[in-house]
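Heads up: the sequence lines are chains Y and P, in that order. Start counting the first sequence at 1; every next residue gets the next number (our numbering). Start counting the second sequence at 1; every next residue gets the next number (our numbering).
For the record, the hints were derived by calculation from the structure and aren't laboratory data. All C-beta atoms in this analysis are idealised placements derived from N, C-alpha and C, irrespective of residue type, glycine included. Any given hint could turn out to be false.
[What the hints assert, rightly or not] Taking beta-carbon pairs under 10 angstroms as the criterion, some of the chain P residues facing chain Y (in silico): (1) Leu29; (2) Arg35; (3) Lys334; (4) His421.
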Amino acid sequence: MSTSLAEPVFRVRGLTKAYPLGEVTVHALRGVDLDVREGDFTVMLGPSGSGKSTLLNLLGGLDLPSDGTIRYRDHDLTAASQAELTLYRRRWVGFVFQFYNLIPSLTAAENVALVTDICPAGMTPIEALTMVGLSDRADSFPSQLSGGQQQRVAIARAIAKRPDVLLCDEPTGALDVHTGIGVLEAIESVNRSLGTTTIVITHNAAIGAIADRVITLRDGRIAEDLANATRQSPRELSW
Amino acid sequence: MRKNSARSSQRSVDAAATSPTTGRRLPTLDRKLVRELCDSAAASLAIATVIAAGVAVFVMALSTLGFLNETRDAYYDRYRMADVFASLSRAPEHIAEDIAQIPGVAGVETRVVSEVTIRVPGLDEPASGRMVSLRGGATDSVQADRRRGLNAIHLVTGRLPRWDAADEVITSEAFFEANRLTLGDTIDGLLNGRLQRMRIVGVAMSPEYVFQIRSGDFLPDDRRFGIFWTSRQHLEAAFDMQGAFNDVSLRLLRGVATRPVIERLDQILEPFGGIGSYGRSDQLSARFLDDEIKQLRATGLIVPLIFLAVSAFLLNIVLARRIELQREAIATLKAFGYSGGEIAWHYLKFALVISIVGAVLGAAVGTWLAVGLCELYSQFFRFPTFEFRPSPKVIGWGAVVSVTSGSVGAVFAVSRVLRLHPAEAMRPAAPAHYRHGWLDALARGLGLTPTLTMTLRRLTRRPITTALSTFGIAFATAVLLVSNFAVDAIEFMIEFQFVTAQRQDLRVGFQHAVAASAADELQNIDGVVAVETFRAIPVRLRHSHLDHRTTILGLDNQRRLYRLLDRDGRPIRVPPNGLVLSDKLAELLEVSPGQDVTVEVLEERRQRATVPVVAIASEFSGTNAYMDRPALHRLLQEDRRVSGGFLQVDSARKQAVYDTLQETPRTAAVTIQTASLEAIRKTIRENQAMMQAFNVGFACVIALGVVYNMARITMAERERELATLRVIGFTRSEVSLMFLGELMWVTLLAIPVGWSIGWGLCYATVQAFESELYRIPLVISRRNLILAAGVTLAASLASGLVVRRSLDRLDLVEVLKNQG
Numbered sequence: 001m002s003t004s005l006a007e008p009v010f011r012v013r014g015l016t017k018a019y020p021l022g023e024v025t026v027h028a029l030r031g032v033d034l035d036v037r038e039g040d041f042t043v044m045l046g047p048s049g050s051g052k053s054t055l056l057n058l059l060g061g062l063d064l065p066s067d068g069t070i071r072y073r074d075h076d077l078t079a080a081s082q083a084e085l086t087l088y089r090r091r092w093v094g095f096v097f098q099f100y101n102l103i104p105s106l107t108a109a110e111n112v113a114l115v116t117d118i119c120p121a122g123m124t125p126i127e128a129l130t131m132v133g134l135s136d137r138a139d140s141f142p143s144q145l146s147g148g149q150q151q152r153v154a155i156a157r158a159i160a161k162r163p164d165v166l167l168c169d170e171p172t173g174a175l176d177v178h179t180g181i182g183v184l185e186a187i188e189s190v191n192r193s194l195g196t197t198t199i200v201i202t203h204n205a206a207i208g209a210i211a212d213r214v215i216t217l218r219d220g221r222i223a224e225d226l227a228n229a230t231r232q233s234p235r236e237l238s239w
Numbered sequence: 001m002r003k004n005s006a007r008s009s010q011r012s013v014d015a016a017a018t019s020p021t022t023g024r025r026l027p028t029l030d031r032k033l034v035r036e037l038c039d040s041a042a043a044s045l046a047i048a049t050v051i052a053a054g055v056a057v058f059v060m061a062l063s064t065l066g067f068l069n070e071t072r073d074a075y076y077d078r079y080r081m082a083d084v085f086a087s088l089s090r091a092p093e094h095i096a097e098d099i100a101q102i103p104g105v106a107g108v109e110t111r112v113v114s115e116v117t118i119r120v121p122g123l124d125e126p127a128s129g130r131m132v133s134l135r136g137g138a139t140d141s142v143q144a145d146r147r148r149g150l151n152a153i154h155l156v157t158g159r160l161p162r163w164d165a166a167d168e169v170i171t172s173e174a175f176f177e178a179n180r181l182t183l184g185d186t187i188d189g190l191l192n193g194r195l196q197r198m199r200i201v202g203v204a205m206s207p208e209y210v211f212q213i214r215s216g217d218f219l220p221d222d223r224r225f226g227i228f229w230t231s232r233q234h235l236e237a238a239f240d241m242q243g244a245f246n247d248v249s250l251r252l253l254r255g256v257a258t259r260p261v262i263e264r265l266d267q268i269l270e271p272f273g274g275i276g277s278y279g280r281s282d283q284l285s286a287r288f289l290d291d292e293i294k295q296l297r298a299t300g301l302i303v304p305l306i307f308l309a310v311s312a313f314l315l316n317i318v319l320a321r322r323i324e325l326q327r328e329a330i331a332t333l334k335a336f337g338y339s340g341g342e343i344a345w346h347y348l349k350f351a352l353v354i355s356i357v358g359a360v361l362g363a364a365v366g367t368w369l370a371v372g373l374c375e376l377y378s379q380f381f382r383f384p385t386f387e388f389r390p391s392p393k394v395i396g397w398g399a400v401v402s403v404t405s406g407s408v409g410a411v412f413a414v415s416r417v418l419r420l421h422p423a424e425a426m427r428p429a430a431p432a433h434y435r436h437g438w439l440d441a442l443a444r445g446l447g448l449t450p451t452l453t454m455t456l457r458r459l460t461r462r463p464i465t466t467a468l469s470t471f472g473i474a475f476a477t478a479v480l481l482v483s484n485f486a487v488d489a490i491e492f493m494i495e496f497q498f499v500t501a502q503r504q505d506l507r508v509g510f511q512h513a514v515a516a517s518a519a520d521e522l523q524n525i526d527g528v529v530a531v532e533t534f535r536a537i538p539v540r541l542r543h544s545h546l547d548h549r550t551t552i553l554g555l556d557n558q559r560r561l562y563r564l565l566d567r568d569g570r571p572i573r574v575p576p577n578g579l580v581l582s583d584k585l586a587e588l589l590e591v592s593p594g595q596d597v598t599v600e601v602l603e604e605r606r607q608r609a610t611v612p613v614v615a616i617a618s619e620f621s622g623t624n625a626y627m628d629r630p631a632l633h634r635l636l637q638e639d640r641r642v643s644g645g646f647l648q649v650d651s652a653r654k655q656a657v658y659d660t661l662q663e664t665p666r667t668a669a670v671t672i673q674t675a676s677l678e679a680i681r682k683t684i685r686e687n688q689a690m691m692q693a694f695n696v697g698f699a700c701v702i703a704l705g706v707v708y709n710m711a712r713i714t715m716a717e718r719e720r721e722l723a724t725l726r727v728i729g730f731t732r733s734e735v736s737l738m739f740l741g742e743l744m745w746v747t748l749l750a751i752p753v754g755w756s757i758g759w760g761l762c763y764a765t766v767q768a769f770e771s772e773l774y775r776i777p778l779v780i781s782r783r784n785l786i787l788a789a790g791v792t793l794a795a796s797l798a799s800g801l802v803v804r805r806s807l808d809r810l811d812l813v814e815v816l817k818n819q820g
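Work out the full structure: start from the sequences and follow the hints.
Below, the structure written as structure tokens:
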């Protein structure tokens, strides 16, 4: 894939998504238009059920929309096959989840190695763990790590391949304030030092202060789209 | 618990792989595989053991089969086993030249063969033997000539008899060993009415008697039946056969059809009292051997099929559950760009590793069992060399079959990996779907407790999973039923044959048919309580294009000792006209009551007659035909003559009866019913006990494998639910009961299903093992049903209790904190 500075990284038009959950149909997105610029740190806010996780999953190629288009650089993700989406995620996308999603039977370094095994162009597992300040816990199993440490391993796993975009779904949702700030620092530092286009979704409005841009979703639509003149450091946050 | 096991398994994995940060190493997904296999070692090993059991039976049966086949063919070839056999009354030696002229005949061997009664030192009752002449004329040395003849003997020890020594014999190894004889011992034999002392100078075996069994028996009795080879000259003198023979064997050129040769040979021998020749496939020993090989093939295919089907099913449910539990991990891997195929392959490897471990274990155990089986066979089948060598080909096929069945089981579960959508897997699973239905009404109606209703609801919510688990456990019950079935069936056969149908103590056969008055001698023997005489005549029965050689037994109508019974065990009267056929014979001739068969007498005047079949007798061995005795006399156009008698003996004076019989000149053979019974029971005790132990062991492997895995899965699924119950105040035992209750319900459901499957398998076994020589009745005793159910329940309970222990260690807070 080639990259172009003039073009946004993501160009989303008329995005709609409905899916069945048990016996009900959930309309998660109802026509979203959005452009995401290269290197931007975007925070998406919204209450539960506003559609932010769905939007993130669609941007990450985990799911296909019911309607509308998503372009990643010069590629139409909505027209991509499953194999192409797999390749897209493999090469360009890094994910961080709310509940870390570490494999319990693998150590911290091995969890990172899961990614470097299939995308060797990036860093070594130790380099990635060093970036999130966890090189000394490389041989620990997830069950031996605190929640914040587990999330930092998850970040290391996401950035080890030097992804083009980093997508974080409620990365601090399961953490206390102090630990959460540590995790946000790690994400912010990746964004600054590697220039990775970063999207963080959260229901915590305070986090918006560390971003270039804050988008608020409500009922599957974009309710507000604001740009911050200056970004705060995560250390300055409190909630 | 998980922390500890993860840590301990890390060491073993790390030993096999270098650090993730340096050098060549095991791919990370494979590390996950190894660690998870170590973590679930007990459950994985349980499945591997089921696979191993299947592969073991496959390897045991098929490698023994291949080995038996090879050994037999080599033996027949090297010792020139004949292709066609015939007995006759007496023919001059020059007839052999006519026989040699039959197109396709490569060699002819004439002999003198006769049944004799013998007295064995240390044995109270009389035994019987077959005297067989060894090649070598009056001037030849037996030693020099034997290498050229057919049915050559293999001398195990001692030497060959001198052609001019009338008292020297070689005896068969089985008889020699069973009676603990030594070279130089003597045996008295009643040869043509004259008592003769015979000195044992050698011990031998022959391809003709690989399986040494008296005609009419269904298990060998080596103590009371033996083969004795001696010089032709000696037997010619003893049986007034100078320059003549009464037995001929033919070797055919390769590729020559047997049937035309048999027909031509019968024509040549007809004037000389030929009683019909037969091919190798009808030769008694060869047929027993062929039947055994056929049965081994059936065992080697049916039994592994059951085990591998169960293991495929187990792999399926275990993998399906593993994949369900790792939904999020799979979604994460997909999110990071692993393709569905890569992840599916990762889970498939789980099944492959278990299959391969099972195959290796199975090959080792199967080879060990094959060695044991060959040792067992060496007691029945006498071969010059019988040392088992493992067959790499069979082991290879065993591995292929095991890996294939494992993959089939896994593929269905793993296909879900491909279908799993990453975004969907990231969302919390929708709550388990329950509805009000018939169960609620039932529960209310029966006044079931909420916990019992909960268990039943869980079982009915996923009927396919419940049904599959039920079938899995049912297979254990079925295998148990089949493994005990043989004992029931043989007990039934013994009861039917020796207690209900044939109640005589002795059967005495005369050398030749005698006048009825001569038979009165039997009645006059001191100690004989009752005698029922019979007339026996060799015949060929024909019906449309089918024919069969057998003997018609002419019986008196008033019989108490030798009875014919119908399928329901009711006595059959033999009507004055017509034949009663054994059920197998009727099946072979495709004839039923009311239809006619052609009887061709194979002795003396060789009458032909058309006789209607009037009844079918139920019998488990042989293919016999019966007639009213006067009717048989009319057919043979003879006065009353007698071939032998069934005797009832005063048990206190049986020794006196034996002694008298051994000196009665006309007696050719005495079969002692109680002795046969004892021999059969002894053989069964010795061999069945071992086979049964293995079978019960195998069945327990299935029961434990299925229930243990099911219990673990149930535990994984219900951990959170059961922990919740503990948190709200349920006691450990209440929660345990709820957990075990589900397993017990499935087990109780499985037992009747297992009985049905077991019945089907017993039926298949009966069909596979059925032969002209004997049939196994389809008898399943109540004891067997209860035993199968009991062992299944016990195995189920044991597995449940092992898994239940983890309930005690449940960290309530941890379980509830983790996502369901």
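Item to check | Supplied contact hint for P/Leu29, tested at 10 angstroms Cβ to chain Y | outcome: 7 angstroms, holds
Checklist entry - How about P/His421: closest beta carbon in chain Y under 10 angstroms, or not? => result Status holds, d = 7 angstroms.
Checklist entry - Given P/Lys334 was flagged as interface, is its beta-carbon under 10 angstroms from a beta-carbon of chain Y? => result It holds, given that the least Cβ distance between P/Lys334 and chain Y is near 7 angstroms, below 10 angstroms.
Item to check | Status of the hint placing P/Arg35 at chain Y (closest C-beta pair under 10 angstroms) | outcome: It holds, given that the least Cβ distance between P/Arg35 and chain Y is near 4 angstroms, below 10 angstroms.
The structure meets every hint from the earlier list without exception.
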